[in-house]
Amino acid sequence: MLKGSMGLIALGSLLLSGTAFAQEKIKVGVTATLEGTYTVLGEDGMRGFQTALNVLGKKVGDKELEFVVASTDATPDSAVRAVRKLIEQDKVQILLSPLSGDEGIAVKNFAKTKPELTFVNAASGAQETTYVDPAPNFFRYNMDGAQWQVGLGKYAYETKGYRKIATVGEDYSFIYTQVFGLVLEFCGAGGQVTNRQWVPLGTKDFASVIAALPDDVDAIYLGLGGADAVNFLNQYQQAGGKAHLMGGSIMIDQTILSSKGSAKNALIGTIAASGQADTWEDPGWQKFVKAYQDSFPENKRFPSPSLLATNYYDSTMALILALRQVNGDLSNNQAKLKEALAKIEIDAPNGKIKLDSNRQAIGTNFVTEVVDDGKGALFSKVVKVIPNVNQTLGYDPAVFAKIGLPSRTVPECKKY
Amino acid sequence: MASFIERHPAWALIAIIAIAVVLWLVFAIWPPGLEAAFGRKRVFLNAVLNGITLGGLYFLVASGFTLIFGLMRNVNLAHGSLYLFGGYIGYAISSWTGSWILSFIVAFVVVALVGVILQLAVFRRMEGQDLRQTMVTIGLSIVFADLMLWVFGGDFYQIQTPSWLIGPVQLPLLTAIKSSGEPVYLQYPLVRLVIFAASVAIGIAMWLALNRTRIGMIVRAGVDDRDILAATGVRIQLVFVLVFALGAGLAGIAGVVGGTFQSLSPGEDTRFLLASLVVVIVGGMGSIPGAALGAVIIGLAEQLGSVYIPTYAIVVTFLIMVLVLALRPQGLLARR
Numbered sequence: 001m002l003k004g005s006m007g008l009i010a011l012g013s014l015l016l017s018g019t020a021f022a023q024e025k026i027k028v029g030v031t032a033t034l035e036g037t038y039t040v041l042g043e044d045g046m047r048g049f050q051t052a053l054n055v056l057g058k059k060v061g062d063k064e065l066e067f068v069v070a071s072t073d074a075t076p077d078s079a080v081r082a083v084r085k086l087i088e089q090d091k092v093q094i095l096l097s098p099l100s101g102d103e104g105i106a107v108k109n110f111a112k113t114k115p116e117l118t119f120v121n122a123a124s125g126a127q128e129t130t131y132v133d134p135a136p137n138f139f140r141y142n143m144d145g146a147q148w149q150v151g152l153g154k155y156a157y158e159t160k161g162y163r164k165i166a167t168v169g170e171d172y173s174f175i176y177t178q179v180f181g182l183v184l185e186f187c188g189a190g191g192q193v194t195n196r197q198w199v200p201l202g203t204k205d206f207a208s209v210i211a212a213l214p215d216d217v218d219a220i221y222l223g224l225g226g227a228d229a230v231n232f233l234n235q236y237q238q239a240g241g242k243a244h245l246m247g248g249s250i251m252i253d254q255t256i257l258s259s260k261g262s263a264k265n266a267l268i269g270t271i272a273a274s275g276q277a278d279t280w281e282d283p284g285w286q287k288f289v290k291a292y293q294d295s296f297p298e299n300k301r302f303p304s305p306s307l308l309a310t311n312y313y314d315s316t317m318a319l320i321l322a323l324r325q326v327n328g329d330l331s332n333n334q335a336k337l338k339e340a341l342a343k344i345e346i347d348a349p350n351g352k353i354k355l356d357s358n359r360q361a362i363g364t365n366f367v368t369e370v371v372d373d374g375k376g377a378l379f380s381k382v383v384k385v386i387p388n389v390n391q392t393l394g395y396d397p398a399v400f401a402k403i404g405l406p407s408r409t410v411p412e413c414k415k416y
Numbered sequence: 001m002a003s004f005i006e007r008h009p010a011w012a013l014i015a016i017i018a019i020a021v022v023l024w025l026v027f028a029i030w031p032p033g034l035e036a037a038f039g040r041k042r043v044f045l046n047a048v049l050n051g052i053t054l055g056g057l058y059f060l061v062a063s064g065f066t067l068i069f070g071l072m073r074n075v076n077l078a079h080g081s082l083y084l085f086g087g088y089i090g091y092a093i094s095s096w097t098g099s100w101i102l103s104f105i106v107a108f109v110v111v112a113l114v115g116v117i118l119q120l121a122v123f124r125r126m127e128g129q130d131l132r133q134t135m136v137t138i139g140l141s142i143v144f145a146d147l148m149l150w151v152f153g154g155d156f157y158q159i160q161t162p163s164w165l166i167g168p169v170q171l172p173l174l175t176a177i178k179s180s181g182e183p184v185y186l187q188y189p190l191v192r193l194v195i196f197a198a199s200v201a202i203g204i205a206m207w208l209a210l211n212r213t214r215i216g217m218i219v220r221a222g223v224d225d226r227d228i229l230a231a232t233g234v235r236i237q238l239v240f241v242l243v244f245a246l247g248a249g250l251a252g253i254a255g256v257v258g259g260t261f262q263s264l265s266p267g268e269d270t271r272f273l274l275a276s277l278v279v280v281i282v283g284g285m286g287s288i289p290g291a292a293l294g295a296v297i298i299g300l301a302e303q304l305g306s307v308y309i310p311t312y313a314i315v316v317t318f319l320i321m322v323l324v325l326a327l328r329p330q331g332l333l334a335r336r
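Line order of the protein sequences matches chains Z and G.
Per this note's numbering, the very first residue in the first sequence carries number 1; after that it's consecutive.
Per this note's numbering, the very first residue in the second sequence carries number 1; after that it's consecutive.
Chain Z on its own, in the form it takes in the complex (with noise of 0.2 Å):
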């Protein structure tokens, strides 16, 4: 609205390359959400592309990388926006782009306009975007909001003995796909979700939200991100809440561990799920979190990287991999690219990640739980990792089909 393209200064004037000149360049758009209620996740997104381009460098074959970012909102006619900005005047011939649910969807959607491009997804994680009526020229490399939540409803309802939860959430697409894993997981164990709220995303008075939460269940589920967790939290702590909390995926995410003041301490013994721990013990993520350090002065970035960040690597990393096994070769509707994008296996950070046929990722899955490290600083500690999650979660696709697309209501709560 009055503010087109804010946020766009800070980073833009620091990723554009100015350095080749005779060089043949690929151009490349990053979109992330640098406004509204999601500014600190697009921020670390472009902390851990940027972390990429460290590691990784600019240069395939003799050509080089040219970056042009634009900043989005989290809301659907954004992206699109950003992204036909991208391609109409600026020229680039790849997306990496978008970052939050519903964004996913639309520029999927558009990426059909526009098939002889290539999109990679940056970090979006609803359903529908890979599950319903894929593109063929888009590519994601991150799990969905329900696959990052495989692990949690067993953990909850086995170890921590939780039998009927509530969940609030923001009311769009990735939360639903949340939802959408942790009912199906917890039901399916046999545990009852009794009340499922909805608050629209960028809800900053949670009061009343807080006051008509159940009192009869043994835990509640948190599906919220960016400031409204942190509204969320802080009003919670006023209304002096008790309960058990869950979290999901950047509920529990250093964008908001970290985030100022006490009423994230609401969140220690919090249980959750997601596509990485930040304790894990892996060498590979212990390198990343190395490089992530290194690449940023300690006040301008998280003591650890943020899903987003992880995302916004692994999808960078994808891309330069695949560019660099057909050397930049870009002819014939960038063909060579989009084959080797659909076969390509990293070794990310966050574990091993390979591609299905609807080109949606195949990864990793972590259960955490949220732990103080004596300083006051917070992280989420590994609990179980579980490799190979699939999209349609381990279930056989045509009873996954059964079940329905995420909603505010779907899926019911019973066994599957």
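Warning: the hint list may mix true and false statements.
[What the hints assert, rightly or not] With a straight-line cut-off of 20 Å between C-alpha atoms, the simulated EDC-like cross-links for lysine to aspartate or glutamate are:
#, chain 1, residue 1, chain 2, residue 2
1, Z, Lys352, Z, Glu412
2, G, Lys178, Z, Asp215
3, Z, Lys27, Z, Glu128
4, Z, Lys260, G, Asp225
5, G, Lys178, Z, Asp62
6, Z, Lys25, Z, Asp77
7, Z, Lys384, Z, Asp396
8, Z, Lys384, Z, Asp282
9, Z, Lys300, G, Asp155
10, Z, Lys260, Z, Asp373
11, Z, Lys336, Z, Asp62
12, Z, Lys300, G, Asp146
13, Z, Lys58, Z, Glu24
14, Z, Lys415, Z, Asp396
15, Z, Lys160, Z, Asp215
Hints are computed from structural coordinates only; laboratory data are not their basis.
Knowing the structure of chain Z, use the given hints to seat chain G on it.
For chain G alone, kept in the frame of chain Z given last:
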């Protein structure tokens, strides 16, 4: 009051019945049938109180906006930036000194100074040119937003609530009777009550200052006809600067309040600008009581909406604005 009843007996009856129903909803123990149809009483009471306290915050932002508009006919679209800036200043002061109260004072003074500069450097140069002022303030709000993003980043800041304000208090409002006969009282966050009380106090102080003091008289005269007022020898530019400083300072205080019970981040500036525009349009441009009424209506609509019709909660506030614009375009309490 009596004349209103004489002139509109039907409306008066409806209003009295509505007030009685609301009082009954607040004080009575709800029968089980009502709870089954309408949800628990605790949820309803919380939503009402939240709506009113949120209205307190909206009033703080919108009163400055409406005051400036009422006197100078300046549509200051950078008002949201003043709010956010005040919040950041408050955060810096409270984390530096640890004093919550001090952060209000400093935020008020600093943002009021920014207001003075804005008035002297921008508005005075383009007096009476509405379109130019609007465009320039939109431009300024974008520049301010980027500057603040540069300095403070996209992080969320929360101003630390002082420890004596954390946690809930028990209100003497019954929500239910347990089966053992033990009454259950409403628990409510103390900080919201304190902030609401403070905004009521500020509202009353503003009303008194406008209606009972000499400077208030001058301001009111200026609202009615500033050319005649200037002709009588009042230094109108000085009054303008003072009013602008007060309006901006109130936005600064509101920023500290917003940073305490919500959070500060980029984007909050436009959100509060939009909120105060809606509040002022509903209440009536230039009217302080109108801003108070509009703020409570919008606050209640948001909170009750988020509980009872969550899907359409966003629409409700704008529906109210559309209705007011259609039926009473000058706003509910506008004088002219």
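Against the structure, test the hints numbered earlier, and report the numbers of the ones violated in rising order.
-> 1, 3, 4, 5, 6 and 7
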